[in-house]
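4 protein chains.
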Amino acid sequence: MAETIIKIDLNKSAYENEKLHNRWHPDIPMAATVKPGDDFILECVDWTGGQIKNDDDASDVRDVDLSQVHFLSGPVGVEGAEPGDLLEVDILDIGTFDDSQWGFNGFFSKQNGGGFLTEHFPEAQKSIWDFNGMFTKSRHVPGVEFAGLIHPGLIGCLPDKKMLDEWNRREKELFDTDPERVPMLAALPYAPTAHMGKMKPDDAKVAAEEGARTVPPREHGGNCDIKDLSRGSKIYFPVYVKGAGLSVGDLHFSQGDGEITFCGAIEMAGWIHLRVNLIKDGMSKYAIKNPIFKPSPITPRYDDYLIFEGISVDEDGKQHYLDANVAYRQACLNAIEYLKKFGYSGAQAYSLLGTAPVQGHLSGVVDVPNSCATLWLPTDIFEFDIKPNADGPTKYLDGSVDMPLAPDLDK
Amino acid sequence: MAETIIKIDLNKSAYENEKLHNRWHPDIPMAATVKPGDDFILECVDWTGGQIKNDDDASDVRDVDLSQVHFLSGPVGVEGAEPGDLLEVDILDIGTFDDSQWGFNGFFSKQNGGGFLTEHFPEAQKSIWDFNGMFTKSRHVPGVEFAGLIHPGLIGCLPDKKMLDEWNRREKELFDTDPERVPMLAALPYAPTAHMGKMKPDDAKVAAEEGARTVPPREHGGNCDIKDLSRGSKIYFPVYVKGAGLSVGDLHFSQGDGEITFCGAIEMAGWIHLRVNLIKDGMSKYAIKNPIFKPSPITPRYDDYLIFEGISVDEDGKQHYLDANVAYRQACLNAIEYLKKFGYSGAQAYSLLGTAPVQGHLSGVVDVPNSCATLWLPTDIFEFDIKPNADGPTKYLDGSVDMPLAPDLDK
Amino acid sequence: MAETIIKIDLNKSAYENEKLHNRWHPDIPMAATVKPGDDFILECVDWTGGQIKNDDDASDVRDVDLSQVHFLSGPVGVEGAEPGDLLEVDILDIGTFDDSQWGFNGFFSKQNGGGFLTEHFPEAQKSIWDFNGMFTKSRHVPGVEFAGLIHPGLIGCLPDKKMLDEWNRREKELFDTDPERVPMLAALPYAPTAHMGKMKPDDAKVAAEEGARTVPPREHGGNCDIKDLSRGSKIYFPVYVKGAGLSVGDLHFSQGDGEITFCGAIEMAGWIHLRVNLIKDGMSKYAIKNPIFKPSPITPRYDDYLIFEGISVDEDGKQHYLDANVAYRQACLNAIEYLKKFGYSGAQAYSLLGTAPVQGHLSGVVDVPNSCATLWLPTDIFEFDIKPNADGPTKYLDGSVDMPLAPDLDK
Amino acid sequence: MAETIIKIDLNKSAYENEKLHNRWHPDIPMAATVKPGDDFILECVDWTGGQIKNDDDASDVRDVDLSQVHFLSGPVGVEGAEPGDLLEVDILDIGTFDDSQWGFNGFFSKQNGGGFLTEHFPEAQKSIWDFNGMFTKSRHVPGVEFAGLIHPGLIGCLPDKKMLDEWNRREKELFDTDPERVPMLAALPYAPTAHMGKMKPDDAKVAAEEGARTVPPREHGGNCDIKDLSRGSKIYFPVYVKGAGLSVGDLHFSQGDGEITFCGAIEMAGWIHLRVNLIKDGMSKYAIKNPIFKPSPITPRYDDYLIFEGISVDEDGKQHYLDANVAYRQACLNAIEYLKKFGYSGAQAYSLLGTAPVQGHLSGVVDVPNSCATLWLPTDIFEFDIKPNADGPTKYLDGSVDMPLAPDLDK
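Protein chains in written order, with the working numbering: chain Z, 4 to 414; chain B, 4 to 414; chain A, 4 to 414; chain S, 4 to 414.
Be a bit skeptical, because a hint or two may be false.
Since the list can't tell identical chains apart, any single copy or any two copies may satisfy a pair.
[Stated by the list, open to error] Calculated cross-link-like contacts (lysine-lysine; reagent style DSS-like; alpha-carbon spacing at most 30 Å):
1. Lys113 with Lys321
2. Lys390 with Lys288
3. Lys201 with Lys113
4. Lys208 with Lys164
5. Lys10 with Lys390
6. Lys297 with Lys398
7. Lys344 with Lys201
8. Lys113 with Lys38
9. Lys297 with Lys140
Hints in this document: simulated from the structure, not taken from any laboratory.
Construct the entire structure; sequences and hints are all you get.
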């Protein structure tokens, strides 16, 4: 078996493990070093570092400290890697821990994080998903069982100083356009909860002031939350610093395109088995700015879909100009209304769209003024038939089960 | 063989055929009537009504009159259909005419229509695609041959008056925010080039003043340009008027998600074989606002992809807030730069993304401030290997062939 | 459109068309000639040359003259082709005639042809299948509708004299081991019903005495009845004579692995669109004895199956030694018994296995003494759910419809 | 995590573990008991009980004691199961042991077991396959790496006494037709190496005289070696005895259809995670004789193939009557000759066909006298392009690496 070069202890704070970190900075020391051609295993905490529990109370979701996320395993140094190279990464496998056979999905309160449909679901809710081998189901969302399309939500190499500065510049510029907005427009560096890995305390203190938050995807990949970047795929990452510095975390058992629930996919702790190789000077050879990848030969084969359309006219009837976000939101809302006809609550339907292997396509992006997005709902994950027929839908669920909700506290 | 209830003559003007129309209006008379359970064939002109020719000169693309589009075949009345029903439509097949074995793709001038990458490709260009049975290739874009994912870009039922008024209201409101913009923000009703089908001249004159343009997708479906709504799929359309009034046009031999080139997919004249059925009161039974559909069991099986990521930081380094359009544009630009390394011109690469069965996914939509979109390029359509390797790319094309370009004329 | 180089008339006898033939012989003159790189269309009669009618009477199946089959379109000469080359054939498309939108399936009488399950279904029966665009259904086998996996049952190049002699030698040797057997062990040359294409009458008379029958698949391909050699596939045929001499016929709208019903798949008249190229000296370069091929990118995507096992113990409990035929027969019988629980007659179930895109796998071939074969029945072709559940099956069919049967006549 | 109810120790003899057994007999006591709805894990030794080592010497394959195989984990009793029920088994997952990340494939000597191509490969050879997460490659068969289609080669319920007697009767009858044959026609009961699980020694001694060998697949399933019965699939087993008595073993990391190499697939020790449910009286409800199953939603997506045909004319030119075994053997030999053109030895090519996710189809079974079988070789498992082209094949392998061979010893 490949060597596990980063280990974690689910019973300890992520801050105690110096092979984890939660900010991007070029000076974070390598947690371990490998050679091209090596394969190795990294253990990962869940993205929140254990803040969410396997219970029926959503107050942990409501009260989450998002300034702590995401705890990443790494950086892993690769011998010989230099700026301008491409780091070829094979995700050989991803798995769960024997004593942690579950994951969580939820909606953050609009006051603390929000999500894609936060105007419709403004309060904290969560659902717990149990793993049964390759499959998952939830005591909070009955009527479905599906195979996991397991993937890391977040993976990428350390930025160099120039790139880091650019990230901070442009995000600050956006933030400053509406600094009071809730949820905020961008997550800026925040030192108090930074974890800078093995960095010496004094250095860490300084670096934390500028260490980029891990929330958005960026040029290096990072928190892309691409469900198809799953175990078995092969990815080519830009290298910016000597040794590359590959970090990974935010493992998902399954997710729909968009990760619309934000909190998040089916979030889990687990391990990832990687193999690395180099394409010297690959960034310029292939004109690479962002990572590219080949999908896995092994993915759940849910090939029958019911597809919902959405256009860029919002819930109030307002016309937006070619706005794919508005269009995808309408497609999601259309799917939720449809699922409610079978007995799901709106929250359950929303949770399903965030967790199941749903596809979201940018179907039309030029037909002014309406963008057209489609949401592809796999029909075979349901224990009953959800296709339309002349008799109309049957209510398979009686409403006796719903997702826990934790109302916002008075302020 | 099913009866061909609407026929066309490619040598005559679309305006001469009263079973075609190019505006949406509830009062357009039915061009033909069928019963639930019937199957029938409709012939269709290409979306421009024959303005673009099979030659090596892009001036027809530059000079296109977009106020004429799209010429639709219909409306087809369905006996017993009433507002609130769902019209179930099986696309039994779509085909080409023996004497019209070709289609076109192009970029409109930024001065006259534009497209998704119009800032990068501001002048009119076109490519011609020949059909060889189920496959297509182009004398202007060498190195690829692929199977057609044939579909109607535009299909839907007539709106009622209330819906029409709402369309006109909201689109006018948007238009008025910047009436001078080029390209314009919305295509408003325009009587001079309207074709109102069988409507009597006097009535047509009045109706044309408010007849909605066919460019955007809307609640009824319409110009969704969804490549997966292909032959073999089953669609459920909302019905707004007595008899439903189903119209269809804008046939595509193949298209990538987004139809980013706008002019357009691989555009063609051809025929479509449909079967219709009704789900009485289906809109309320299933909470349907926009059409839903099941994909076809028969589609090209291009399952190996190279996937490009894009984030919502634009070409100038400006940070946008969760803007999926910007993200998808970056993914497209990344793919184009990659393909140029193999010898394609930028225009050829752009054309490929508009025509081949490319997928565009809304991969991440919540990780503030960056949306993450992915563009999936099928690798098996190429006659050479486009995957990265340690030696770098080989220039398979020598640049001797490119797409015709017609510069904007002085004004 | 590609040129149609062989045309047929469904209202005339196949014998009147000198661009057809029904025997294999090196001296049959080319019916047409093409160049490498050309694409062209061949029209084909159904394999029996029109002996079976679109009606509800199976006596035509019972009384079929099998010595006439198969009528092939060709041979097509390819300029520059020489013995030892590989002829690369792209099946660009296959289609039906507007005035012949139907096909037939049936079981021959055990006295006249038989079939894979002839001991269980010894009398002639037939089912008619109507085509609706890409889909088919039958008035004799209700409850299913599926997309066609259209393919030629028979395609290959002319043998040279040496190969022809070898065919005749070995088949005669087998025949002679039991000359009285019904059905017979092999179909030997039979001059009275031979159609030798353009060959001059005197020459034809001689050649017909040794012209190989078209029934079995052989080294050149021929009557392989491989459902996956469908439109869109690319095949590499061994070339034995100057000009290659490619002939094709026996078009199938759909077929299950094995073509177990023998009469046959869903048999049809139609046209096939081909493109040819040469790999000079390809037989020795690639050690080719039999044709090889790449499957089509476009095939019906029926990916959910119910899989039946069979082992090489026959219906009487007799143990056979690693006999895959016995094993597959048991898998077929198991599937038939299963389908009868939903209301199908045995004949209808048998017909379904012969026509639908059923897979037959040689799953285990070494575990003495039992071969294990599996029959894969696609579940999505049924209008109802055929999967097992705790409540047991529902009889969806009431038995009021069955396949016509024509009893053997007294002798 | 589900409970592991049967554990093994790879360092101890399988005979010491009373929760294993290697014969079928109704009186073998349950090794453990579960309830309907339970999920649980069984650990399994490899099918030979550890006789084959991870080294470069094939003498262990030559000297294997086949009378010991297969060591099965079980039987597992299911509360409430009665004869006539169907036992629904979900294979939730299958995995490897951290300290046993390898498997073996080989050919038995013709003197001791043989295989599908034993006339061509009469001496013992082996290849070792290393596991890298979901992928495998071999130091003895370079140039390929592929994802595992992990499955149990052997799974089924205990027979009752009547069925056991029938098995022994019919297999003895076959054996007696040629008792001296090498390899033998059937493996009859053989007491000296029997392992009867928890059975008391005196009872075991008696039962071992009639306990059926585990080699062939039979009505209960058993050693079917069906590659598609993989993790994620759902199987319905006939129940013959109270408590069902489910046993499983012979885990394969990957296998081609037919398991043609007999020794065997990629054989491994590992664990299997199962869930069981009952369909009461299901055998009669659904007319079940042999098990049926639904394939997994998660399987390697190797969808591009090169397909080889074979017909039932043997290597000596002898014509066989509709013999699918002969046809499949020819398809295998054709593929081997083809692969040799790229530099593989015959043994390496044979091993590849036995281990990779190759499909074997019964393509035509009625076209007298030739059966037509097809072997589907996935092209994406190779590190180089194996498709034909006009220039002919490139020798990617230089022949410096081959599979170890252990010559038969003098007698």
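- Which hint numbers does the structure go against, in order from smallest to largest? Result: hints 3, 5, 7, 8 break, sorted rising.
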